[in-house]
Structure formats: C-alpha cells, structure tokens
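Q: Spelled out from the first residue to the last, the chains are:
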Amino acid sequence: MRNRRKRPMIKTYKKLTDMVAEKSFGEASSLQTETFSEEIHSVEQKIERKEGKLSPVLHVTVDSVKKSLGNPVDLIVREFEFELQQKVTATLLFLEEMNDPQLLNEFILAPLMSLTSDKQSTPVPVSHALHYIKQNAVALGRVLDVENEEELLEALLAGFSVLLVEGNTKGLKMGTTGGRMRGIEEPTSEVVIRGPKDSFTESMKTNISLIRRRVRSPDLRVEKYKIGDVTHTDVAIIYLDNIVNPLLIKEIKKRINEVKTDGLLESGQLEEFIQDETVTVFPQFMNTERPDVVVGNLLEGRVGIMVNGTPFSLIAPTQFIQFFQSSEDYYMRYDISTFLRLLRFSVFLISLIAPSIYIALTTFHQAMIPTTLLFGIAAQREGVPFPAIAEALVMEITFEILREAGIRMPRAVGVAVSIVGALVLGQAAVQAGLVSPAMVIVVGITAVASFAIPSFAVATSARLLRFPLMIISSVFGFYGLTLALIVIIAHLTSLRSFGYPYLSPFAPIQTQDLKDSLFRFPITKLFKRPEKLAKKNETRTQPYQVKKKREEETTR
Amino acid sequence: MNFLKCSLPLFICLLFLTGCWDQNELDELSIVMGIGINIDKKGDLIVTYQVVNPTEVAPGITGAGGGKQPVFTVYEAKGRNLMEATRKATKQTSRRLFFAHARMLVFSEKLAKDSIYQALDMISRDPEVRSTIQVLIARDTTPSKILRTFTAIDKVTSDEVATILKISEKNWGENLQQDINEVLQSIINEGGQPLINGIRLTGDKELAVTAQNYEVGDPARIQLSGMGVFKEGKLKGWIDGPEARGILWIKGKLVSSAITVPCQGNKNGYSIEVVRSNTELSANTKSNEPSINIRVYPEANIAEANCAVNLEKPSEISTIEKTFNAVIEKEINKTIEAAQKFDSDILGFGELLYRENPKKWRHVYKQKYEQIFPKLKVNVHVDSRIRRSGMRTSPFLFEEKKEAPK
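Protein chains in written order, with our numbering: chain A, 1 to 556; chain B, 1001 to 1406.
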C-alpha cells in the first residue's frame, strides 16, 4: 500500500489495444480474401512511401496524395506555371477552409506566377527552383521543406499548404493556416466581476498567445506533443523554467508520452489518462478557461496542459484547496477574499451534508433539535407518508433531474422547466402532503450551495457523495455520518496529484502556504511560492518595504 | 486492495441488514413536555405525561384541522415504579413517548412527604431525559391537575412553568431553578439536602382543565410558591417569601430583585433594585464548633423613593445603604433560622465545611452534623453599594418641600 502511485489507465489501454487487435483480426478473417489481401497491399505501400522520397514527376505525387486521402472534395490541387530558366509547372496543394485564402492568393500564387528569371544574373536551374522560391518568392513566415510523402500528408492535414515543383524531390510546406475559429470571448464557466474578461478558445495557437502576452519572460517554455493515432491532437505543456520542479516536468512528459489512444477531443480525456488515481470522485486536475488563472498557477510552479480543440486547459499538480479559490480572490481586497473563501468552503460542506444532517436529526437525534423547531418540523412531518430518507432521496433525485434537464434543454424551453420544477418541487409536492416544507428548504439550500462552489469539478464530487452519505445517516445517524466523513477525509489525504499531496498545505502542513489557503493574506505578505512546488525559486516577492517607508514619511 | 474489493458487498450488506438501530421517524413520537408523579394509597406511582400535539403548537402550520384539537393531551398510568408506569402508558398512546424535550417534573406533595428518592433514579438514569429538566412540587394540588391546566401565553403548561421559573429567578429571586442535576447534587453533597420549588394553582380550578381557560381574561393560573425543604428525601416544610430570597443571597445566585427599605417613618419608602450581587462564603473550622461567615456585596439602584429625602447628599445615600444592609441581613438570618428549624442543610454549609477542612469534616463534624447544624453560628455581613437613582436624583416630594419656604 505504501507505493501506491499506480498507472491504471496505461494498463487499461494495453488491454484495449489487445482487444482491438483481436477484433480486427477476427473481422478480417471473416471477410473475403480479396479485401484482406488488398489491405496487406496498402500496408506495404505505406511502408514503401515512408522510406521513399517524393517523385520528381508532379502528377505521380499528386495522384498518390489523392489516393492516400481518398480523393477528398476539399483537397484543392492548383496547377500553375512560372518562369525560371524555362517554364516550370508547379502544384499547390491545400485543404480548403483550413487555409487562409488571402494568404494563399497574395503571398504564394501572386508572387510565384509573376516570377521571372529576369532579375537573376544567372538563371536558376529547375532542380534549384524550390530553394530559390523559398528564398525569393514566398513572402511567408513559416516555410519548411517536406522530404517525403508522409510529411506531406501530415502537413496538409495540419492545415499547411504544400507547394510541389516539377523536377524536385522535395516540397515546401507553408504556414497559411486559417479558416474560421471562434473568437476570444468572455469565459462562460468562470465568470468574474473584476478581472480579465478574455478566455481560451478552441485554437491552441490563440491560447498560447494569450499566455505569452501575459508572461514576457524568456523562461516561459511551451512544449508540444501529439496524441491520438487518428486525430494527431496537439497537446502543449506550459511552464516557467526558472520556477518549476524539473522532476515534475519529467513526470508529466513521461505520462503524456505514455498515452496511447486513437483520439483526444477534450482535456477531460487527457486528464483521465494521466491522473494518479482512478477510483475517486475527486478531480485531480483543475481545469480553467481563463488565461490569467493559468499564468497565476505557472507563477506558483505549476504546469499548464493545453489540448488543441478545447478551451479548457489543465493545471497540474492540483491541490484540493484550489477548487475553492477563484482568480478574483487575488484581484479583490484580502478581507473580502478570505470571507468568500471561507464561505465557499462551508458551502461545499452544506452541499455535501445538509440533507444527511436533516435525516440524522429528524430520525435519530430529535433531542438535538431546539424544542420549538422540533414542534415545527414534527407538525410538518405529520401526514407525510414516507420516511425522511425516502422523502430526501425523492427530492434530491427530482432536483438532479431538473438540473440535468435544464442543462441539455434548448434555451427556449428552459423557462418551462423552471416553472414546472419550482411549482412541482416547491408548491404542489408540499400541498399534496408528499414531502414536508422543511425538506424542500433543505433541498433548496443544498442546490443553491452546490451552485456557489466556484469549481464545477468539485461540486460534482459533492453531488455524488451526497447520496451515500444520506443513506448512511439514515441507517446510523450522526454516528454513521461522522464515520463516513472520516473515511472521506482519509481518502482525500491519500490522494496525490503528480506525487504532490492533495490536501496540502493542510496535510502535510506547510505553514507558509497556509497564508494562501482558506485565508488570503494581504498580497504584500505572500512572500513565498508553494513550498514543495517551487523549491528552485521560492521567493515570490521581497518583503515589501516601500509602503512602510511611505507611511513613515507621511507620519513625519 | 483485493481484500477491500471483496469485502465491499459485505459492507453494503452491513448498511441494510443491521436494522436501523434507534431510528424513529418524527411522526412516530409523542413529545412529552411534562412528567407528573403522584402516589396512591397502596404506594403505587401514578405518572402523568403531558404530550404535545405539534400541529397545534407549531407556528404558521395551516391545514391539518388547526384549532380543532387541544394543544396537548395527558396520559396517566399506574405502576410500581416509574419505568413500569412509563411502559404501561403505551396502552393508551399511539406513539412512543419521547422524553428528550421534557421540561418539567412535578412531584405531588404527598409523594414528596413520603420520599422523592423512589422517583429520581430513573429520571437521572434514562439517557433520553435531559438533566436540565426542572423539578417542582405541586402544592395543595396534584401534578395531574397542573399538567392538565391550559395556560394563556405559552401554549404548553410545562413550557410556561419552566419559563416562569427562569424569569422569576432573574427578576424577583424567591425561587431558584432546580433541575434534576442540581437536586441530585445537593443530595450527594456532604450533609446537603435538596430544595425544590413549589407551584400552585390559583383561580377557578374547575375552569383550569378546559380549553376555555385561555379564552377568559382572568384564567386559572399556575404560580410559583415558595421552596420545599427536604430532609432525607422527605418534604419537611416550606420556605416562603423573603426567606426564600435569603437562599439566593446565600448561594450567590441572586441576579436582580426589588427590596423594600423603610424611609423616614414610611415603612415602605424605598424600593431598591438589586442589579448584581456577589457572595463570599467562608468557614471557620478551628474549634469543634465551626462557624460560617457570609459576606454579601450587592450593587443596587434606587427604583422608588416615596419620601422627602435629598438624594443629592452622599450622606443620605450611605444612610440608605445602611438600612438596606440591615434588611438583607435580616432576610438572610431568617432563612438560616428556618433551615436550622427544619434541621436541613439546604444551604450547603456542610459542603463548605468539608471543602475548608476535609479531614476534620470526616472525623469530627460528619458524625454529629445533625447536632451541629441547628446551632451553627453564622455571621452575616452585608456591604451594599447604591450606584444610581434612575432618571432623577431627589424625589418630587423633596423638591416640593424645598420650594415651600420661598
């Protein structure tokens, strides 16, 4: 039990691939032998292509590309001629809508087509055409050589345009990536009143630029990986080299490299692949769509992980307490931030145990209810046909249904849902004597509390744990509830996020870090970065002297 | 891990197979607010339970036929002991009797004279009954009558009585709240004897037990009445009026009170409002005949002055202080006399002696405390301070006199 950092996801993956292999083999054998042999043939071709260079004959290469891609409708093959020593035929290949047509037209086609060798003192031979074009004609920043067909295909699919010239065994890939993407908008899941209003988009390039703009440090490192055998999704890890623990980076890289999957669509999938513990309801990564949150975490020595195609980037390692902190805490005064953090934490507790407390109190510990309140609750319970636990379960499940309906529902119908929900839950159920009004209050406060937790991820764990807790407290009362809470806390202390204790700075206790945990000390008092995370570069600010000086001066 | 996985189904079974321990839905409970204990000729206990009807008591609950049922109902059962009677009562009740919110335990005078010991053990042993339940004795009436009386302000009698006790102790100081814990403590204390509040029924006793009681302007009321002095668990007699206030002075429990002090021939001239008081007790155990010193330091305001005095003069205030001291001393001395007459150490002097000199208590005093206590010398010293005189200094009677010569 001591060395418990397991990698269950990798294991599962191995199992999965085995299964896939078996499956495909079985299917193939049931197919006709002809298709089977064809498959083998195409595999052979692939191997051949990988090794070979590009054919100098244009249409051979183009045909081969077309064949590999299955002759797609959005593959544009633009043939044109230009003049060097003699007339040269060239082909521009690109996938429509993945490229910026303006760039293609103005900076590739226009200069190339008007190209003449007149300016040159010595005419350029055809075999040097590509180099010449790269140096003189293409007015773009990202222009690279393509050596073989595999690279060519990859470049095309990544949104490059590829230029092939007759008689050359290389091609040029040019960064004309464009097409329509969602613009930078306000964050939808982490709204703040005070603070930056931009959020990540689906484009990783944009996201990285958002961070670059905030951190003008040469120490900012962005490293790219490709995950997904089919999707080839770009994944980037971002960190500050002078702060972060190099071992952490090594571990993250290792885990990312170990991920083998066919496709990666969202950071949530990556999260499941690289997390420490699978059997838990608690999120082991913080996700955010706010660039300022990522930067704030980089400064603490954490690492941001971005996945192309989703605005949610991951923060690793993550501590439990981070889910109760909002970026706004650092933008507002420390007193109100502290108050809000304490509030959020108690709100988490409420959403976790409020129904359980109600059940335990009314079915086991009636002696603990103040007498007058007891009369009230007893009078309400009078005539309710179900025991408190049934009542609570029914109401909680009804609420979960309403919430789920509200999320997936088209916006126009949402009003209807809320009206029906409010009436059915609030009024009718009570008037019909199905549930007691006190129960409605409890469910109501639980629901509102769960919305007040800034992190959706941790709100869901409270949501899940609520039900077992309710059942336990209906069987064992406060005794069971206390035991269950102890188990939950023990579980939390056992969790690790990339080897960092989940409950730190509380367990193990780190006194310096406590300053920025449930409380937020004034920013001038937060001298240190998290102790374990940023061993390399611990000091965040020097003890702030200027203000003191200023005060002294004014008092004089 | 494997072990955990295997045992998971067992844990789940544990949840559902163990039964629900002492689970009770709220609508399966009868909330008992008051318990009354009487004794019949054969020596069996007659136990009365006052059970609340929550629908009638709870504020703002509509429906469920509000106003048609009484706010409480009373069950009565006989038994050779308390537990027997309690369980026997289920012959009449549709729900389990639930004692955690009981606020009042009333003994009949008959039982008190016989012995209260037979009824105290179960009440203090049962985990459900709170140790803060107030103990009382029904004076000139039975517990069953008291528990059947409808009250006007608080809907439940027991609730009202417990509140009366609290308010009266704080504002008048002739009664001392005695919960079951304190009663037992005073029995256990060295040489100590319990002291229990009395309540009586005043007004139309026939009307008291009907719901009309709170519809008339002048209903039958329950009223605190003195404190019962016990010896060896038997009621010996009552201490009433200012003598009862002496008990609070001695125990240092007096929070506030109004004390009448004579003034210039007007016997009831001043009313002095005590605002706080401090009591110091000490014992002298040097000789075989011990003595007790009581020092009381009350702080007070003048609440009424019905004679022509010049309260602006400090000398006048100190005169009042002196007479005030004398009045309190007299009250305290009367209390001690009464206790000594009953030969019942309700004031905790025995415990005081024990704390002062445990060895001597054990070897010398304890055996003959019955003889020592009635003759125990008690020195009472009161040193009061009068701080304020309300919104005016001299009374209008004095102002009138002052202006007359002009």
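FYI, nobody ran anything at the bench for these hints, they're computed from the structure.
We put the beta carbon where it would ideally sit given N, CA and C, even for glycine.
Misleading hints may appear alongside valid ones.
Claimed, not checked - So, partial list: chain A residues that the calculated Cβ filter (under 8 Å) puts toward chain B:
{"hint": "1", "residue": "166"}
{"hint": "2", "residue": "167"}
{"hint": "3", "residue": "169"}
{"hint": "4", "residue": "363"}
{"hint": "5", "residue": "377"}
{"hint": "6", "residue": "378"}
{"hint": "7", "residue": "387"}
To be verified - Restraint-style ranges between C-beta atoms, simulated for each label pair:
{"hint": "8", "chain 1": "A", "residue 1": "479", "chain 2": "B", "residue 2": "1125", "range": "49 to 57 Å"}
{"hint": "9", "chain 1": "A", "residue 1": "445", "chain 2": "B", "residue 2": "1080", "range": "48 to 56 Å"}
{"hint": "10", "chain 1": "B", "residue 1": "1232", "chain 2": "A", "residue 2": "478", "range": "25 to 33 Å"}
{"hint": "11", "chain 1": "B", "residue 1": "1126", "chain 2": "A", "residue 2": "422", "range": "43 to 51 Å"}
{"hint": "12", "chain 1": "B", "residue 1": "1232", "chain 2": "A", "residue 2": "342", "range": "52 to 60 Å"}
{"hint": "13", "chain 1": "A", "residue 1": "478", "chain 2": "B", "residue 2": "1010", "range": "44 to 52 Å"}
{"hint": "14", "chain 1": "B", "residue 1": "1014", "chain 2": "A", "residue 2": "445", "range": "28 to 36 Å"}
{"hint": "15", "chain 1": "B", "residue 1": "1313", "chain 2": "A", "residue 2": "551", "range": "22 to 30 Å"}
Q: Quick check on residue 167 of chain A please, does its C-beta sit within 8 Å of some C-beta on chain B?
A: Hint on residue 167 of chain A: violated, closest Cβ of chain B at ~65 Å, above 8 Å.
Q: Do the Cβ positions of residue 445 of chain A and residue 1080 of chain B conform to the proposed distance bound of 48 to 56 Å?
A: 50 Å, holds
Q: Verify the CB-CB distance for residue 1126 of chain B and residue 422 of chain A against the hinted window 43 to 51 Å.
A: 45 Å, holds
Q: Residue 1313 of chain B and residue 551 of chain A, beta-carbon distance inside 22 to 30 Å?
A: 55 Å, violated
Q: Taking 52 to 60 Å as the stated bounds, is the beta-carbon spacing between residue 1232 of chain B and residue 342 of chain A within them?
A: Given range 52 to 60 Å: holds, Cβ gap about 57 Å.
Q: Would the hint on residue 363 of chain A stand, with a C-beta cut-off of 8 Å toward chain B?
A: Hint holds; residue 363 of chain A Cβ to chain B Cβ min 5 Å, cut 8 Å.
Q: Please test the hint of 44 to 52 Å on the beta carbon pair from residue 478 of chain A and residue 1010 of chain B.
A: Check failed, 23 Å falls outside 44 to 52 Å.
Q: Cβ-Cβ distance between residue 1014 of chain B and residue 445 of chain A: within 28 to 36 Å?
A: For residue 445 of chain A against residue 1014 of chain B, whose Cβ atoms are near 30 Å apart, the range 28 to 36 Å holds.
Q: Starting from the hint 25 to 33 Å, judge whether the C-beta atoms of residue 1232 of chain B and residue 478 of chain A obey it.
A: 42 Å, violated
Q: Per the CB criterion, is residue 169 of chain A less than 8 Å away from chain B?
A: 58 Å, violated
Q: For the hint on residue 377 of chain A, does the least C-beta distance to chain B fall short of 8 Å?
A: 6 Å, holds
Q: Grab the minimum C-beta distance from residue 387 of chain A to chain B and call the hint holds if it beats 8 Å, violated otherwise.
A: 5 Å, holds
This entry does not satisfy hints 1, 2, 3, 8, 10, 13 and 15, going by the numbered hints stated previously.
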